[in-house]
Amino acid sequence: MSTPAMYSGQEIKTFIPQREPMMMVDKLYSANETSVETGLTIAANNIFVDGKLFSESGMIEHIAQSAACFAGYNDWINKRPIVLGYIAEIKKFALEKPAHVGDELKSSLTVVSNAMNITLMNAETTINGQLAASCKIKIFMDKR
Amino acid sequence: MLVKDFYAIDNKQVQEDGSVIYSVSLNPGHDVYKGHFPEKPITPGVCNIQMIKELAEDAQGKQFTLKNIDRCRLTSMVTPDGSPKLDVKIQFDAADAYKLSATIFYGETTFMTLTGTLVDKLQ
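Chain order of the listed sequences is U and L.
Quick note on our numbering: the first sequence kicks off at 3 and runs consecutively.
Quick note on our numbering: the second sequence kicks off at 146 and runs consecutively.
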């Protein structure tokens, strides 16, 4: 993922309903019907930062909003309105390496199953190419 | 508390089985709700996960990282207006004090269940 992001910063607001101080994605590298690649550079004033350390709860929120980005991008490209999505379930979350201020998280999520308003995705987050966290996340989308 | 003033602990009760039940109040005026979501304040699930970890830290008097989550189910939505008071049950495995199970509930409603593994706080 050394290619530049397709969308970054404020442009991400096109795809996700979260706003400051709860925006945990700042780059969209790629997206299609079955996967998404996102990024987040951890700022010193990020709400999930304590000292230099980015909490595991922030990491999970970044993954959840990456899933929101996946849904939002596909809604946007199909000219549907962006809807709110919520975490329904997290399984097998593993934090391999804590993240710190200045790190760039890069996340890759792929759809495992998609039925009605519930999407299950596999997620992997890396920092400098090294695995930082992984999980399976189930997202529930508001009715369109 | 990582997200400052996100909640307040009103009460702490150690049960006979060793588990601890915390009663907490959410802060509906918190900045988090400006962004989650602008027209519909909903308590982020990850803030409840963060709260569970912090209450586990309080219960044991040490700092942790929640390194693994086996399963976390969000069964009802928490809103600062609709569910401003929550009870949180924190239980550690009798054989392994790093194995955590937690439930966020109020009255008859269960909001979240979590099972996971803590480690001493990673830096």
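Keep in mind the hints are simulated off the structure, nothing from the lab.
A few of these clues could be false.
Unchecked claim - The calculated lysine-lysine pairs, modelled on DSS-like cross-linking and capped at a C-alpha distance of 25 angstroms, are:
{"no.": "1", "chain 1": "U", "residue 1": "K54", "chain 2": "L", "residue 2": "K185"}
{"no.": "2", "chain 1": "U", "residue 1": "K99", "chain 2": "L", "residue 2": "K244"}
{"no.": "3", "chain 1": "U", "residue 1": "K140", "chain 2": "L", "residue 2": "K244"}
{"no.": "4", "chain 1": "L", "residue 1": "K185", "chain 2": "U", "residue 2": "K140"}
{"no.": "5", "chain 1": "L", "residue 1": "K244", "chain 2": "U", "residue 2": "K138"}
{"no.": "6", "chain 1": "L", "residue 1": "K212", "chain 2": "U", "residue 2": "K108"}
{"no.": "7", "chain 1": "U", "residue 1": "K99", "chain 2": "U", "residue 2": "K15"}
{"no.": "8", "chain 1": "U", "residue 1": "K94", "chain 2": "L", "residue 2": "K185"}
{"no.": "9", "chain 1": "L", "residue 1": "K179", "chain 2": "U", "residue 2": "K145"}
{"no.": "10", "chain 1": "U", "residue 1": "K81", "chain 2": "L", "residue 2": "K185"}
{"no.": "11", "chain 1": "L", "residue 1": "K185", "chain 2": "L", "residue 2": "K207"}
{"no.": "12", "chain 1": "U", "residue 1": "K138", "chain 2": "U", "residue 2": "K94"}
{"no.": "13", "chain 1": "U", "residue 1": "K145", "chain 2": "U", "residue 2": "K99"}
{"no.": "14", "chain 1": "U", "residue 1": "K138", "chain 2": "U", "residue 2": "K93"}
{"no.": "15", "chain 1": "U", "residue 1": "K54", "chain 2": "L", "residue 2": "K230"}
{"no.": "16", "chain 1": "L", "residue 1": "K212", "chain 2": "U", "residue 2": "K99"}
{"no.": "17", "chain 1": "U", "residue 1": "K54", "chain 2": "L", "residue 2": "K212"}
{"no.": "18", "chain 1": "U", "residue 1": "K94", "chain 2": "L", "residue 2": "K266"}
{"no.": "19", "chain 1": "U", "residue 1": "K93", "chain 2": "L", "residue 2": "K266"}
{"no.": "20", "chain 1": "L", "residue 1": "K244", "chain 2": "U", "residue 2": "K81"}
{"no.": "21", "chain 1": "L", "residue 1": "K207", "chain 2": "U", "residue 2": "K99"}
{"no.": "22", "chain 1": "L", "residue 1": "K149", "chain 2": "L", "residue 2": "K230"}
{"no.": "23", "chain 1": "L", "residue 1": "K179", "chain 2": "U", "residue 2": "K93"}
{"no.": "24", "chain 1": "U", "residue 1": "K140", "chain 2": "L", "residue 2": "K207"}
{"no.": "25", "chain 1": "L", "residue 1": "K212", "chain 2": "L", "residue 2": "K234"}
Here is what the structure says about each hint:
no. : hint             : result
1   : U:K54 to L:K185  : violated (31 angstroms)
2   : U:K99 to L:K244  : holds (19 angstroms)
3   : U:K140 to L:K244 : holds (23 angstroms)
4   : L:K185 to U:K140 : holds (21 angstroms)
5   : L:K244 to U:K138 : holds (20 angstroms)
6   : L:K212 to U:K108 : holds (19 angstroms)
7   : U:K99 to U:K15   : violated (28 angstroms)
8   : U:K94 to L:K185  : violated (30 angstroms)
9   : L:K179 to U:K145 : holds (23 angstroms)
10  : U:K81 to L:K185  : holds (23 angstroms)
11  : L:K185 to L:K207 : violated (35 angstroms)
12  : U:K138 to U:K94  : holds (6 angstroms)
13  : U:K145 to U:K99  : violated (36 angstroms)
14  : U:K138 to U:K93  : holds (5 angstroms)
15  : U:K54 to L:K230  : violated (31 angstroms)
16  : L:K212 to U:K99  : holds (9 angstroms)
17  : U:K54 to L:K212  : holds (18 angstroms)
18  : U:K94 to L:K266  : holds (19 angstroms)
19  : U:K93 to L:K266  : holds (21 angstroms)
20  : L:K244 to U:K81  : violated (46 angstroms)
21  : L:K207 to U:K99  : holds (20 angstroms)
22  : L:K149 to L:K230 : holds (17 angstroms)
23  : L:K179 to U:K93  : violated (28 angstroms)
24  : U:K140 to L:K207 : violated (31 angstroms)
25  : L:K212 to L:K234 : holds (19 angstroms)
Hint compliance for this structure: hints 1, 7, 8, 11, 13, 15, 20, 23 and 24 are not met, and every other hint is.
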